[in-house]
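Engineer: Chains as they are written, first to last, in our numbering: chain A, 679 to 1083; chain B, 679 to 1083.
These are computed hints drawn from the structure, not numbers from a lab. Don't take each hint at face value.
Where chains are identical, the list cannot tell them apart; a pair therefore holds if satisfied intra-copy or between any two copies.
[Stated by the list, open to error] Each computed SDA-like pair below joins lysine to any residue, with the alpha-carbon atoms no more than 20 Å apart:
hint, residue 1, residue 2
1, K1075, I930
2, K719, E1067
3, K964, D799
4, K1009, I973
5, K1075, A941
6, K1075, I936
Source: prediction; values computed, not measured.
Number of protein chains: 2
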Amino acid sequence: MAPAEPNAKPFEVQGELPVFAEERKGWKGYVEWERYPEKKKQAAEVLARYDFPVVSKNIPVQWRTAKEIDPEEYFFEVEGLVNKPMKLTLKDLQDESRFPRMSTAVTLQCSGTRRIEQIHDYPGDGDELINAPWGEGAIGTARYVGVSLKKVIKYCGGLKEEGKNIEFFGADSYFKKGQIYNYAVSVPTHKMKVNEVMLAWEMNGEPLPAIHGAPLRVVVMGYIGARSCKWLTRINVIRDPSMAPVQMKEYIYYTPQIGKHNATYSNGFSIQTMPVASAIMTPVDKDVIIHDGKIKMTGWAYSGSGWPERVEVSNDGGGVWYEVPYDQLSKKYFHAWRTWEIDIPVDAEGWLVNRSKPQTAKRLKMYEDHGTDFLPLTRPAPFDLETEEEYLEEMKKREGRDPVE
Amino acid sequence: MAPAEPNAKPFEVQGELPVFAEERKGWKGYVEWERYPEKKKQAAEVLARYDFPVVSKNIPVQWRTAKEIDPEEYFFEVEGLVNKPMKLTLKDLQDESRFPRMSTAVTLQCSGTRRIEQIHDYPGDGDELINAPWGEGAIGTARYVGVSLKKVIKYCGGLKEEGKNIEFFGADSYFKKGQIYNYAVSVPTHKMKVNEVMLAWEMNGEPLPAIHGAPLRVVVMGYIGARSCKWLTRINVIRDPSMAPVQMKEYIYYTPQIGKHNATYSNGFSIQTMPVASAIMTPVDKDVIIHDGKIKMTGWAYSGSGWPERVEVSNDGGGVWYEVPYDQLSKKYFHAWRTWEIDIPVDAEGWLVNRSKPQTAKRLKMYEDHGTDFLPLTRPAPFDLETEEEYLEEMKKREGRDPVE
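Pulled out of the complex, with its shape left as it was, chain A reads as follows:
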C-alpha cells in the first residue's frame, strides 16, 4: 500500500463524484489512465480531496471487479522499441502454430517476505515499515502454462537496438501521493532473452484465477513478485527502466548508512532477483511442543538465482546442524522453492516438553489427574510444585541453599 497523504482529510463524499466507464471491453471499470490524461487529471483531483487509502467504488475501479474476458476480446499491445508493434488477443497467443507453449513450476515471492521481523526491530508509523507485515508465508509456488515472452518479441520482429527494458502494464489502478497511475513495472530485456519471462493463462492445470491476474499475467522467474504484472494490458519496450512509481520509487532497499532520512530514489538499490532465503513453517515461533524426543519441522527454501541444493536445520540456534535427507526435500526446479521436513532429535527440556523424560511424564500426569490443561505452559500450576517434605529432603541432599560457613 502506498503511503497515506499527509494532511489529507479522511474520506467523506464532497459533492458529485465522477464515474469513469471502462475503456476496454470486459474490463469492468478499468481505465487506461496513462492514455486518458483528462480522466487522470479528474481522478487526481478527487483523490486529493480525501485521505488516501479509502477509495470509493465510483472512483478508480481495480482488478477486484475484473470479469472473465473472452479470449477473442481480450488483447494486449506490444509497442515501443520493437520492430513490428502489434495487438495480440489471448486467442492469438494460445494458437500453437504461432507460439510454442511453455510450462514450468515457478515460485513467486513478495520481497517483503519475513518483513514482520524488520518491523519488530524498527517499529514506525510510516509506510516503509508498518505496511506489508508479512511473515514466512508471502510466497507461493504453482505450475504455470503460457508462452515465453521471447517468442512474442520475436513474433513482433525482435527488439530495436535501443530496447533494453520491457515495461508491463496491468489493469490495476495504483495510487501514489494523490496521483493515479496504471500499475507498471519493467524488467531488463536480458531476463526475457534467457526465457525467464512468461505470459501465462493457466495455473496448476486450471485457468488463471481472477486474483492471480486473469486473463493473462506476466511470470518473471526469480524476481520479486511485483515484477510479475497481473491483468496484462500492455508490453512496452523502452530504453531505461520504467519511470512508473512502482519501478522507480518503490521496492528499493537502502543500506543502514543511508537510512530513511537521506533516502532518494536513486541511492537505494532496486530489488529484483530474490536472494537465498528459507523459513521454518512448523513449529511456529514460541510454540510449546510436547514431544517424545523428536520434533517434526517443516519449511521452505528458495533462491531467485538458482535452486536450493541442500537444506540444513539447527535445533539450537545455530550450533549443531542437521542435513535434511534428500528424499525429504521436494523436487528440484530451476525456478521454484523446495519444501522440506525433518524429524529433529531434541533432548532438551525447557519450553520444549520432552515426554520421554521421567520427571516430565510425572508432571504431565499431575496435570491430567488434576483435570487441568497443561497448555498454555505459562499458566501457573494449580497445584503445589512439591511438598514441604520433598523440598526439605532435596535441600538436605544439596546441603542447603547457602554455604554453611
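Starting from the structure of chain A, add chain B where the hints point.
Structural biologist: Same frame as chain A, now just chain B:
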C-alpha cells in the same frame, strides 16, 4: 504479585466479611497472621471465596495504611536461636550508648530488573513472566543510616550454635494460593557477620518514608531487594532458610533444561547476590537521535558482590568499545551502583540522524521549509525524495539499475 488462584471467582462480597483489628499499636490494621492462627484461618476462608488479587479493605490491611509510629511505641522482637531473645524499640536502637550507628550508600535492585526483555522473548499469561515487567529502572540508590544487625545480635547475646539463618518479618500481608502470611524472608547469618545487613530508619538524610518501610527496614547489601524486608516487626534466628513462601517458593531461577514444567521449589536456585549488571538509560531503545557527530549516553552499572571498577560502552552492538572516562563515573561505594555518562562519537547515519553530514543537513532543511516535523522519522516524507531529473542524472552516473549486457 502472586499468581491468581485458578478457578477462583472474581471478587464479589458474599455475606458478612470479618474485620480484623490491628494487633500492635500504630500499625493500622496489621495482623500478625502467624501468631493468630484463628484469624489466619478465617482470612484464608475469605480469600478462598474470591479471585485472588482483589482484596477488600476490610480483610488484610497492608503497609499502605501503616502510620508513623512513636519510636517508643514501635518495637521489633529478636527471637529464635539467639542467647538472649528480646524486644527492642526504635528508641532503644537509636540509643548510641547501646548501638553505634552506621551510614552507607546502598543500591537496592529488584531481581526482575530488565525482566521486560525476558517477557518479550517468552510472552506468557502466567505469573512467572507477565508480572513485574520491569525495565532498567527497577533499581535505586540511597544513603541509609541505622545499626548493623551484627551489633543487635551481639546485644542479644550472640547466636546459638544452630543459628545459621536470620528470618525477617515485615508488617505486610502476603497472599499465596488462597493463604495469607506475613511477609517473611531470610538471609544466611554469614551476611550479618560481614556487616552487610543493616536496620535503617533514615534514608537520604530524612526519616524513612512510609513506602520505604518506616519506621524501620532491613537493608541487605548486594542481595536482591526482596530480602531487604520493610516495616520490620520480627527478627527470627533459625537453622535453615525461611520456609515462608517468598523465600522458599519465589525468587527462584531455573536453567532452561528444567524449564517451567519440571520446576519444583528445590531444583531452582535461590536468587540472592545480584550479578554484575548495567544498563544504558539514555538514549532509550529505538530512539531516533538528531546529533552533531556525538551522542550523550548515560547509564548505571552495579554488582552485588563488588563494585563496577570500569565501564565500557559500545556504539555498534559490541564491536568497538569506549571506556567511560574515570571522572564521568560516579563515586565508588562498596555497595552501590556507579552512574556514568559518555559522549560517544557516532559517524553513522541510518536511524541516527547525523546533522554534520551535508546530505542530512539538506534533508532537514527540506522538512523545515515544508513546515513539517522531521520526527517521527518513520512518517512518509511529505515531499518527493528527488526530482525525476535528479534521478535520471544519478542513474546515468551509476550506469543504470541493471547491467547493459
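Engineer: Which numbered hints turn out to be false for this structure?
Structural biologist: 2 and 4
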